[in-house]
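In order, the protein sequences belong to chains A and H. The C-terminal residue of the first sequence carries number 562 in my numbering, and the numbering is unbroken. The C-terminal residue of the second sequence carries number 762 in my numbering, and the numbering is unbroken.
Treat the hints with care, since some could be wrong.
Said to hold, decoys possible - Residues from chain H that face chain A, not an exhaustive set, calculated with beta carbons under 8 Å:
hint, residue
1, V599
2, L653
3, S701
As the list claims (entries may be wrong) - For lysine-lysine, the following DSS-like pairs were computed, each having C-alpha atoms within a straight-line distance of at most 30 Å:
hint, chain 1, residue 1, chain 2, residue 2
4, A, K196, A, K286
5, H, K649, A, K196
6, A, K512, A, K432
7, A, K292, A, K508
8, A, K12, A, K292
9, H, K732, A, K12
To be verified - Which stretches of chain H does chain A cover? Using the computed rule of at least three CB atoms under 8 Å from a CB of chain A, they are:
hint, stretch
10, 577-587
11, 590-598
12, 681-695
Keep in mind that the hints were calculated from the coordinates and are not lab data. Note that the coordinates shown come from a computational prediction; the quantities given were computed from them, not determined experimentally. Here a beta-carbon is modelled for each residue, glycine too, at the ideal position from N, C-alpha and C.
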Amino acid sequence: MEHGHKQSFASKYLFSTDHKVIGIQYITVGLLMAVIGGFLAYVFRYNLAFPGKDIPLFGQLLPQQYNTFITNHGMIMVFWVGMPILLSGLGNLLIPTMVGTDDMAFPFLNMLSFWIFTLSAIVLIAAFFVPGGAFGGGWTMYPPLSAGGYMNTSPDLLTALFSGTSLMILAVALEFVAMLMGGINFLVTTINKRAKGMTPWRIPLIVWFLDIASVIFMFSCGPLVAGAFMLLLDNIVGTGFFDASRGGDPILWQHLFWFFGHPEVYVLLLPALGVLGEIIPVFSRKPLFAYKTIIYLALASAVLSVVVWAHHQFVSGIDPRMATFFSVGTIIISIPFAGIFLAFMATLWGGSIKFTVPMMFALGFVALFLVGGLTGLFLGSNAFDIYAHDSYFVVAHFHYTLFPDIFFGFFAAFYFWFPKYLGKELNVTLGKIHFWLTTIFFNSTFFLLFFNGLHGQHRRINDYSFFGNVAMEPYSTFEKVATISAICLILSQLVFVLNLFKTLSSGKKAAKNPWNAATLEWVTDTPPIHGNFETFPEVYRGPYEYSVPDAKDDFIPQNVAN
Amino acid sequence: MSNNTKALDIRQVPQGRLAMWTLIAGELIIFGGLIAVYLLNRIRYPEWGAEAVHTSTMFGAINTCVLLLSSFTIVLAHNEANKNNIKRAQLYMFLTIVGGLAFLCIKSIEYSREISEGLTFTSPAMVAKGEGVKSLFWSFYYIMTGLHALHVIAGMTTIFIIMMQIGKGKNIHRVELAGMYWHMVDLVWIFLFPLLYIAK
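With these hints in hand, go ahead and build the complete structure from the sequences.
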């Protein structure tokens with residue numbers, strides 16, 4: 001540990017190997033990417049509600065630009081916002097402090113992981129500025145649109161390499177490298193560097209979940225890495241892996257993509273559920289209900305997550321017997337997640353609930369995810385999916401899962417751990433305003449889209465004025481309400497930004513353990529020093545000992561002996 | 563990181579070895595995905611058997627032996643490193659790198675023979691004749707062996723760096739890790755050889 005050791009600005013904040021700085025770097029880049037992703041959403045939502053009108057701060061949106069914008073909105077929000085914030089950001093901040101050690105197992109690899117991730121973000125954005133523009137064939141990059149010169153590719157090798165399509169594939173590949181490096185670190189740190197006495201069943205839930213998410217990621221992305229390599233070659237040297245005219249198979253890409261893409265949903269969901277697992281017991285002042293069962297359920301979901309992927313392909317012409325198999329798998333995987341949510345509800349039952357800002361975001365997550373999860377059951381059954389496929393019903397469904405997951409999950413974590421890791425108290429009133437505005441405008445943006453979708457609105461069309469069924473009332477009004485709400489939703493994040501900067505500049509110093517939580521990160525100084533602990537803690541008990549009879553403070557931290 | 567050991571009581575597998583196993587698991591899934599895709603296509607297109615005739619079983623067999631031998635020398639290097647015989651460990655690591663180079667040389671002789679027959683990544687002549695399905699075999703051949711060759715180069719580079727490091731008395735335990743990676747490279751080839759060279 002390097003007390004009093006003076007570090008230059010670059011080695012302290014840019015090329016730091018300290019897991020806390022790297023975690024904050026990941027979250028910062030993730031939030032900056034969210035600004036870009038949000039701006040893209042604003043532009044195309046505006047175009048959907050008011051087709052052909054000049055968009056404030058942008059101007060006219062061409063149809064091809066519309067395609068590019070929805071493609072990159074999806075890519076950015078999943079891979080450059082969800083992944084860095086929930087997996088890498090929270091993982092880096094929390095794992096070493098919660099298992100009671102000084103840093104990750106491989107700090108240098110950790111720094112390298114962040115910079116490769118940043119490079120991948122730059123490559124993705126650079127694609128907007130090459131001739132032909134960024135890729136616009138949908139975030140799933142299905143061939144033939146993504147291969148063989150249909151969209152901004154060219155026969156010349158160098159131009160093909162720097163085309164929007166190739167750059168997007170390269171950016172995804174680089175990001176996977178970064179996340180794999182991070183995953184190795186998470187697993188090795190948890191397995192090898194835990195504090196004395198931190199037995200497997202004393203590890204906080206979120207650490208378990210981050211590790212399970214890393215394992216799912218590592219075991220599902222391999223085939224897509226191979227697939228991305230093949231797609232890149234289809235683009236730059238002209239092979240025919242996905243070209244049906246040469247014996248290749250475009251459906252193959254869909255399999256490789258979704259074999260990764262669906263487990264990816266759980267890679268994003270598990271860390272956010274882990275956040276709930278930490279927050280709900282603290283503000284119910286009760287031990288987490290069925291801690292072990294929750295972990296077993298998460299492991300079950302990890303296994304099931306690799307046998308559900310083809311439910312994205314019910315209309316791609318797959319064998320109906322296979323479709324039945326994947327329908328059943330999809331419906332079965334809702335059981336472990338229902339179990340996990342029920343355990344959280346049972347934790348609330350009879351607790352003395354405190355409606356702090358993190359708790360509000362945690363409960364908001366549960367309520368909103370319920371809508372997303374239940375509509376997922378509809379879509380999982382292939383009979384209904386064939387009807388609703390590629391409609392706004394699907395769009396509303398996955399925004400009801402991913403928005404609570406990524407943003408409510410992150411905000412809950414942010415309001416909970418910010419005082420610890422940055423050492424300042426956030427403004428509670430602004431936090432509550434932020435919660436209510438976000439919740440209200442999120443619902444008014446996406447709930448109506450379920451109806452538009454059921455009425456036949458397709459998800460990839462930029463101008464609906466010529467489609468009788470959705471250009472009429474009330475669906476055209478719903479479209480406008482959704483757009484105005486989406487703009488309000490984006491604007492209400494300014495409350496969050498205001499709170500952040502106000503707190504950083506003039507916030508009160510936070511206490512060591514403001515929420516009376518029992519896990520190890522609350523034992524260290526606020527903010528934790530480089531190296532986290534003056535002396536390494538020893539662990540004597542599980543992470544959720546709240547409302548213990550006869551205890552001094554109604555809870556017993558993990559490092560307190562009897 | 564020796565100053566941290568006081569915090570640990572559960573370090574059963576050394577950190578580096580654990581990380582290397584994780585990396586190898588990830589790599590095997592990449593190759594596994596590729597091999598699975600190849601197999602599905604191979605079953606779909608029996609005519610690929612006639613294409614595989616053009617790959618040289620002899621060269622492939624020699625290369626298999628070369629890789630197996632180099633795996634043997636890296637085991638010897640690990641053995642010597644354990645006994646702290648740095649000079650001998652370095653010698654065996656050097657021999658492993660020579661094995662890797664020999665593998666790549668033989669591979670490039672093969673590649674040039676095949677390319678001169680017009681069998682390339684895209685095989686434009688075949689595609690022009692309407693035999694696109696056959697050309698796809700060669701796309702798979704080059705992507706699988708090419709990705710493997712990249713791993714051979716990565717393994718050789720790693721072994722070279724560690725060979726330099728142990729010369730300065732640093733990181734002797736990493737000889738084992740480099741060896742694990744090299745075995746993985748070898749293992750992948752053991753799968754590629756029958757799939758691309760023997761099954762005709």
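May I ask you to test the interface hint for V599(H) with respect to chain A, counting a Cβ-Cβ separation under 8 Å as satisfied?
-> 6 Å, holds
In terms of beta carbon proximity below 8 Å, does the stretch 577-587 of chain H have 3 or more residues touching chain A?
-> holds (count 6)
Do three or more residues of the stretch 681-695 of chain H come closer than 8 Å to chain A, measuring C-beta to C-beta?
-> Since three or more residues must qualify, the claim that chain A covers the stretch 681-695 of chain H holds, with 5 doing so at under 8 Å.
Straight-line alpha-carbon gap K512(A) to K432(A), limit 30 Å | 23 Å, holds
L653(H) as an interface hint toward chain A, with CB separation required under 8 Å | 29 Å, violated
When you check the alpha-carbon spacing of K292(A) and K508(A), does it fall within 30 Å?
-> Distance of about 38 Å is beyond 30 Å: violated.
Sort out whether K12(A) lies within 30 Å of K732(H), counting only the CA atoms.
-> 27 Å, holds
Going straight from one Cα to the other, do K12(A) and K292(A) come out at no more than 30 Å?
-> 39 Å, violated
Going straight from one Cα to the other, do K196(A) and K286(A) come out at no more than 30 Å?
-> 25 Å, holds
Chain A contact restraint for S701(H) - C-beta distance below 8 Å = 4 Å, holds
Straight-line alpha-carbon gap K649(H) to K196(A), limit 30 Å = Roughly 39 Å separates the two Cα atoms, so the pair is violated.
Count the residues of the stretch 590-598 of chain H with a beta-carbon closer than 8 Å to any beta-carbon of chain A: does the count reach three?
-> holds (count 8)
Going through the hint list in order, the structure does not satisfy hints 2, 5, 7 and 8.
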